[in-house]
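Participant: When you get a sec, could you build the whole thing from the sequences and use the hints?
Chains as they are written, first to last, in the numbering used here: chain A, 11 to 171; chain B, 5 to 804.
There may be inaccurate statements among the hints.
[As the list claims (entries may be wrong)] Pairwise CB distance ranges (calculated):
no. : chain 1 : residue 1 : chain 2 : residue 2 : range
1   : A       : Asp-133   : B       : Ser-200   : 35 to 45 Å
2   : A       : Pro-27    : B       : His-735   : 17 to 27 Å
3   : A       : Ser-25    : B       : Gly-711   : 46 to 56 Å
4   : B       : Ala-460   : A       : Ala-163   : 55 to 65 Å
5   : B       : Ala-108   : A       : Ala-163   : 26 to 36 Å
No lab work stands behind these hints, which were simulated from the structure alone.
All C-beta atoms, glycine included, are put in the ideal place defined by N, C-alpha and C.
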Amino acid sequence: MDLMLEVNGQTVRASAPDETLLVDFLRDTLGLTGTHVGCDTSQCGACVVHVDGRAVKSCTMLAASADGSRVLTIEGLAATTGGNDLHPMQRAFHENHGLQCGFCTPGMVMTAVAYAADHAAPDEADVRAALEGNLCRCTGYQNIVASVIAGAAAMHAGKEA
Amino acid sequence: MLDNLPANPTGIGASILRKEDRRFLTGRGNYVADLKRPGMTFGVFVRSPHAHASLGAIDTEAARVVPGVLAVLTGADLAADEVGGIPCGWGITGRDGQPMKEPAHPALALGKVRYVGDAVAFVVAETAEAARQAADVVEVAYDVLPSVVNVLDAVRPDAPVLFDEAPGNLCCDWEMGDRAAVDAAFAGAAHVARLSLVNNRLVGNPMEPRAAVAEYDPAGDRTTLWTTSQFPHVVRLLMGNFVLKIPQHKLRVVAPDVGGGFGVKQFHYAEEAVVTWAARRLGRAVKWVCERSEGFISDAHGRDHVTEAEMALDETGKFLALRVSTLANMGGYLSTFGPNIPTNLYAPLLAGVYTTPAIHCEVKCVFTNTVPVDAYRGAGRPEATFVLERLVDVCAAELGMDRIAIRRRNMITADAYPYQTPVMVQYDSGDPVGCMDRALEIADWAGFPARREAAARRGVYRGIGISTYIEACGLAPSRIAIRLGARGGLYESAAIRVHPTGHVTALMGTHSHGQGHETTFAQIVSEKLGVPVENVDIVFGDTDRVQFGMGTYGSRSLVVGGTALSKAADKIILKGRKIAAHQMEAAIDDVVFEGGTFRVAGTDRTRSFEEISLSAYVPADFPLEILEPGLEEQAFYDPVNFTYPGGAHIAEVEIDRETGSVRLVSYVAVDDVGTVINPMIVAGQLHGGIVQGVGQALCENAAYDEGSGQLVAGSFMDYCMPRADMMPRMHVETHNTRCSHTDLGTKGCGEMGTIGSPAAVTNAIVNALSGLGITHVDMPASPNRIWRVMQTAQLPQAAE
Ligand code: FES
Ligand code: FES
Numbered sequence: 011m012d013l014m015l016e017v018n019g020q021t022v023r024a025s026a027p028d029e030t031l032l033v034d035f036l037r038d039t040l041g042l043t044g045t046h047v048g049c050d051t052s053q054c055g056a057c058v059v060h061v062d063g064r065a066v067k068s069c070t071m072l073a074a075s076a077d078g079s080r081v082l083t084i085e086g087l088a089a090t091t092g093g094n095d096l097h098p099m100q101r102a103f104h105e106n107h108g109l110q111c112g113f114c115t116p117g118m119v120m121t122a123v124a125y126a127a128d129h130a131a132p133d134e135a136d137v138r139a140a141l142e143g144n145l146c147r148c149t150g151y152q153n154i155v156a157s158v159i160a161g162a163a164a165m166h167a168g169k170e171a
Numbered sequence: 005m006l007d008n009l010p011a012n013p014t015g016i017g018a019s020i021l022r023k024e025d026r027r028f029l030t031g032r033g034n035y036v037a038d039l040k041r042p043g044m045t046f047g048v049f050v051r052s053p054h055a056h057a058s059l060g061a062i063d064t065e066a067a068r069v070v071p072g073v074l075a076v077l078t079g080a081d082l083a084a085d086e087v088g089g090i091p092c093g094w095g096i097t098g099r100d101g102q103p104m105k106e107p108a109h110p111a112l113a114l115g116k117v118r119y120v121g122d123a124v125a126f127v128v129a130e131t132a133e134a135a136r137q138a139a140d141v142v143e144v145a146y147d148v149l150p151s152v153v154n155v156l157d158a159v160r161p162d163a164p165v166l167f168d169e170a171p172g173n174l175c176c177d178w179e180m181g182d183r184a185a186v187d188a189a190f191a192g193a194a195h196v197a198r199l200s201l202v203n204n205r206l207v208g209n210p211m212e213p214r215a216a217v218a219e220y221d222p223a224g225d226r227t228t229l230w231t232t233s234q235f236p237h238v239v240r241l242l243m244g245n246f247v248l249k250i251p252q253h254k255l256r257v258v259a260p261d262v263g264g265g266f267g268v269k270q271f272h273y274a275e276e277a278v279v280t281w282a283a284r285r286l287g288r289a290v291k292w293v294c295e296r297s298e299g300f301i302s303d304a305h306g307r308d309h310v311t312e313a314e315m316a317l318d319e320t321g322k323f324l325a326l327r328v329s330t331l332a333n334m335g336g337y338l339s340t341f342g343p344n345i346p347t348n349l350y351a352p353l354l355a356g357v358y359t360t361p362a363i364h365c366e367v368k369c370v371f372t373n374t375v376p377v378d379a380y381r382g383a384g385r386p387e388a389t390f391v392l393e394r395l396v397d398v399c400a401a402e403l404g405m406d407r408i409a410i411r412r413r414n415m416i417t418a419d420a421y422p423y424q425t426p427v428m429v430q431y432d433s434g435d436p437v438g439c440m441d442r443a444l445e446i447a448d449w450a451g452f453p454a455r456r457e458a459a460a461r462r463g464v465y466r467g468i469g470i471s472t473y474i475e476a477c478g479l480a481p482s483r484i485a486i487r488l489g490a491r492g493g494l495y496e497s498a499a500i501r502v503h504p505t506g507h508v509t510a511l512m513g514t515h516s517h518g519q520g521h522e523t524t525f526a527q528i529v530s531e532k533l534g535v536p537v538e539n540v541d542i543v544f545g546d547t548d549r550v551q552f553g554m555g556t557y558g559s560r561s562l563v564v565g566g567t568a569l570s571k572a573a574d575k576i577i578l579k580g581r582k583i584a585a586h587q588m589e590a591a592i593d594d595v596v597f598e599g600g601t602f603r604v605a606g607t608d609r610t611r612s613f614e615e616i617s618l619s620a621y622v623p624a625d626f627p628l629e630i631l632e633p634g635l636e637e638q639a640f641y642d643p644v645n646f647t648y649p650g651g652a653h654i655a656e657v658e659i660d661r662e663t664g665s666v667r668l669v670s671y672v673a674v675d676d677v678g679t680v681i682n683p684m685i686v687a688g689q690l691h692g693g694i695v696q697g698v699g700q701a702l703c704e705n706a707a708y709d710e711g712s713g714q715l716v717a718g719s720f721m722d723y724c725m726p727r728a729d730m731m732p733r734m735h736v737e738t739h740n741t742r743c744s745h746t747d748l749g750t751k752g753c754g755e756m757g758t759i760g761s762p763a764a765v766t767n768a769i770v771n772a773l774s775g776l777g778i779t780h781v782d783m784p785a786s787p788n789r790i791w792r793v794m795q796t797a798q799l800p801q802a803a804e
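Facilitator: What follows is the structure, encoded as C-alpha cells:
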C-alpha cells in the first residue's frame with residue numbers, strides 16, 4: 011500500500027507490502043538503521059520509536075498503522091532540540107556511561123525520553139519499573155538508571171523558570 | 005597542582021567519557037544487520053526440528069520454484085564443493101594419553117542431525133521474505149532416533165550414541181593434579197565435606213543477534229565477509245584455511261560495530277562459512293541475520309556441568325585436599341574452544357584464593373543432543389568458583405565454623421606472592437584478605453544479624469553470602485596454551501601509525517563490542533606519547549586494515565593487547581629519540597621523552613612530538629644513513645603468565661516464605677583489577693558482569709525437555725533475562741595490586757562479575773534458608789525451586 015507519514019520531521023511517501031512491520035519499513039525502506047531488532051517476541055525494546063509522541067515497539071506495529079502519523083527515531087531525536095547538539099537524554103547517557111555496545115541504546119533512549127516527558131524527577135525504583143520493556147545485556151542497568159534520572163532532570167531544567 | 009588528578013588529563017587513570025558514544029547515541033552505529041551491498045540477496049537456514057535423527061532425502065523442488073529463489077543448498081552440495089568441516093581450535097588429551105574424540109562437524113548436516121537447530125539447508129533468494137517462504141517448504145525426511153540431552157544420562161551404558169567414534173558419548177576423560185597426594189590427604193583427614201551440584205546451562209544472548217554478509221569480487225578474486233565476531237583474524241584463518249580453502253590474502257573479514265559478545269561471538273560458526281560459500285557460488289552478496297529464536301538454538305551455549313566435590317580438612321578447618329569430578333556437556337559437536345573451557349579454564353581455578361596443598365580434578369567431556377557448548381563470559385572460571393565457594397560454606401557449616409573465619413584460616417596472604425598452586429598456575433600478585441576485609445566493611449557484615457531479625461519480624465527470610473574468588477585471564481602464554489592443546493598462539497598485536505602532524509592511528513588485533521577500547525587504548529597512547537586522546541583513533545575489526553590479532557575474549561584485550569600497544573609506543577619513542585638526538589646533536593642516551601617532549605637531559609634544548617613526527621616524513625634534518633624515514637611501529641606481545649584478578653563479592657537476599665521468591669537487596673563487590681586505565685569503564689564492566697552472574701543465580705536456565713530434546717527456554721518469553729527491576733544499586737570498588745608482568749600493571753576486568761556473583765548470591769540464599777536445615781540449592785533460584793526446597797525441608801522427618 012502507499013503510505014504518507016512524517017518521519018523525523020520530513021514528509022515521507024513510500025509504498026510497502028501490507029504486512030510490512032514499522033521497524034522493517036524504517037530500516038529497510040528508509041535506511042534508518044539506528045532502530046534495532048533484538049528479538050522476535052516483542053520482549054527487548056531495541057526497536058522503540060515514537061509514534062505521535064508515544065513510545066512504541068516498532069516490531070509490534072505495521073507500517074500501515076503509522077500512515078498519517080508523526081514518527082520520531084533515534085536519528086531524528088537530537089534535531090528536536092533545535093540544534094546539532096545531542097538531546098539532553100542522549101547527553102545524559104554519554105555523561106553517565108549509560109551505554110556499552112550501543113545495541114540497546116536507541117530503544118533505551120527513546121523509551122527514556124517518552125517516560126521523562128511526564129516524569130521530571132523520578133526516583134530509582136520508578137525508572138527501573140519504567141525500563142521493564144527494555145533489555146540490556148551489557149551495562150547491568152545501573153548507569154542507564156542514572157542516565158535516565160539525569161536526563162529527565164536536564165529535559166525539565168529551566169521549564170519552570 | 006592537585007596530586008589526586010592524573011598528570012595527563014586524558015591519560016591512564018582518568019575517567020574520561022567514551023569517544024565511541026556519539027555514533028551509538030545518534031543511531032549511526034554500523035552493525036552487520038545494517039549493511040546493504042549492491043545486488044544483495046538474503047539467506048535463511050532450514051534447521052532440524054529433531055534432537056537426533058538420520059537424515060534422509062532433502063526435497064528442494066518446492067522451495068526452488070518459489071519466485072525469487074536463487075539456490076537451495078544442502079550438505080551434499082557442500083561435500084561436492086569439497087568444503088571442509090568446522091574445525092575445533094583446541095585438541096585436549098585424555099588421562100590415558102589419547103587425544104580427544106573429534107568427530108567431523110559439517111557446516112550443513114550430513115547423514116545425521118544431532119541437535120534441535122542443526123542446520124540442514126540454506127535457501128538464498130532475492131528477498132528475505134522469499135527465502136523464508138522457500139525455507140518453509142524444503143522437505144526433509146528425518147528418521148527420528150532416541151536422543152539424550154543431560155550429561156548424567158549420556159554416560160549411561162544404554163544411552164543413545166551421537167558418534168560411532170565416541171563410544172559412551174565420551175569426547176575426553178581428562179584430569180589435572182596429583183591424585184595420589186589427594187588420596188593420601190583424604191585418608192588422614194579429620195573431616196571430609198561433600199557437595200553435589202549442577203551448574204546450569206545458559207544462553208549468552210548479546211542483544212545484537214548474530215549476522216553475516218559475504219560478497220565475492222571476481223575482478224580481484226577477493227572475498228569479503230562481514231560478521232558479528234569478536235575475532236575477525238581468527239575467522240579468516242579458520243574459515244579461509246580449513247573450511248573454504250581461500251588464501252589468506254584473498255579473504256577479508258570485517259567485524260564492524262558488534263552489539264555485545266560475551267563469548268557467544270568468539271567462535272567460528274558454520275553459518276559464516278555457509279554464507280561465504282554461497283556468495284562465491286552465486287556471485288552475489290548474501291546476507292543472513294539470525295532471528296532471536298534461531299539464536300537460542302544456534303548460538304553456542306555456556307556452563308552445563310554436573311559436579312561432585314569433596315574437601316578434606318583438619319580439625320582446625322585447614323583445607324588439606326580438594327577432589328572434584330565433573331561431567332561437562334559439549335553439546336552435539338565441538339565448538340571452537342569447547343573442550344578447553346571445562347578443563348584448562350576450570351581445574352586451574354580450583355585453588356581459588358586458598359592454600360589447599362593438594363587438588364585433583366577429573367572432567368569427562370560428554371556429547372549430547374544439544375546446541376554445542378563453549379565459552380560464555382567467565383568460561384570455566386565461574387564454574388570452578390561456584391564449586392569452591394559453595395563447598396567452603398558447606399565446610400564451615402559442617403565444622404560449625406564462621407564462614408569468614410574459615411576463609412581467613414585458608415587464604416593466601418598478601419606477602420605470599422608469587423604463589424604456586426598445585427594446579428599449574430602461579431599467581432603473581434594479589435591481596436584477597438584486603439579485598440575481603442573492605443567488602444565486609446562496606447556490606448556491614450557485622451550488622452547482618454540485626455537485619456535478619458528485622459526481616460524475620462516482617463515474616464521474611466534474610467541471608468548474606470560471600471564469594472572470595474580469583475580468576476586466570478589475559479589469555480594466554482602461547483607456550484603453555486599450546487602445551488595444553490591450543491592450535492594457535494595467544495599473543496596480541498598493535499601497530500601505531502604516527503602521521504606527519506603528530507596525530508595517531510593505532511591498529512589493534514583485539515575487538516571492541518562494548519568494552520570501550522576506542523577510549524581506553526587512546527588513553528594509553530595519550531599517556532605514553534603525550535598526545536591528547538582527541539588526536540588518537542583506534543582501528544580494529546578489519547583484516548585488511550589491521551596486521552593480525554587473536555581478538556577479544558578471556559579478559560585479554562587490555563592485558564595482552566594493551567601491553568602490545570605499550571610496547572609499540574616504546575618503539576615510537578625510541579625512534580623519536582634517535583631523530584631528536586640527531587637534530588639536537590646529542591647522544592641518544594642523553595635524550596629523554598617526557599610529557600610529549602624530547603629533551604636533551606639537563607638542558608632546555610627540546611623538540612616537540614609534532615616536530616619529530618613531521619621530520620620523520622619530511623626528512624630534511626634526519627639521520628637517513630642510520631634510520632628509515634616514517635614513524636610507524638608494530639609490536640606483538642606474548643604474555644609470560646596469565647593475570648589473576650580477583651576479589652570479594654557479598655550479596656544479601658530476602659526470601660518470601662509463602663512464594664519462595666528471592667529478592668536481591670544488596671550487592672557489594674571489591675575487586676583487584678591491577679592498574680586502572682579508566683575507572684568509569686571498569687565500573688561499567690563490573691556492573692554488567694555482576695548482573696549476568698546474578699541472572700545465572702536467580703533466573704536464567706536453558707532447560708531442555710528430556711524426552712523430546714527440545715529447548716524449552718527458546719525465547720525471551722521462557723528464558724528469563726535480568727531486567728532493570730531485578731537489581732538493587734550495586735556498590736563496586738577496586739582494591740588493586742599491580743600485576744608484576746604486564747607493562748602497565750593491568751590484570752583485566754571483563755569477566756570478574758560473572759565469576760564472583762553466582763556463588764555470592766547462592767551462598768546468601770542458602771544462608772537465608774539455613775534455619776530449615778538446607779545446605780545447598782542449585783541455580784537458578786526460581787520461586788518454584790525455592791518453594792519446593794522449603795516445602796521438602798519443612799516436612800517432618802520420617803521415623804527411623
Ligand atoms: S525487536 Fe525486540 S521488542 Fe521489538
Ligand atoms: S549497551 Fe549493549 S545491550 Fe545495552
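Participant: Hint by hint, say whether it matches the structure.
Facilitator: We went through each hint and held it up to the structure:
1. The hinted window of 35 to 45 Å between Asp-133(A) and Ser-200(B) holds, with their beta carbons roughly 43 Å apart.
2. Separated by about 52 Å at the C-beta atoms, Pro-27(A) and His-735(B) break the suggested range of 17 to 27 Å.
3. Between Ser-25(A) and Gly-711(B) the beta carbon distance is about 49 Å. The supplied range of 46 to 56 Å therefore holds.
4. At about 39 Å, the beta-carbon gap between Ala-460(B) and Ala-163(A) misses the expected band of 55 to 65 Å.
5. Between Ala-108(B) and Ala-163(A), the C-beta spacing of about 60 Å breaks the proposed range 26 to 36 Å.
In summary, the numbered hints that this structure violates are 2, 4, 5.
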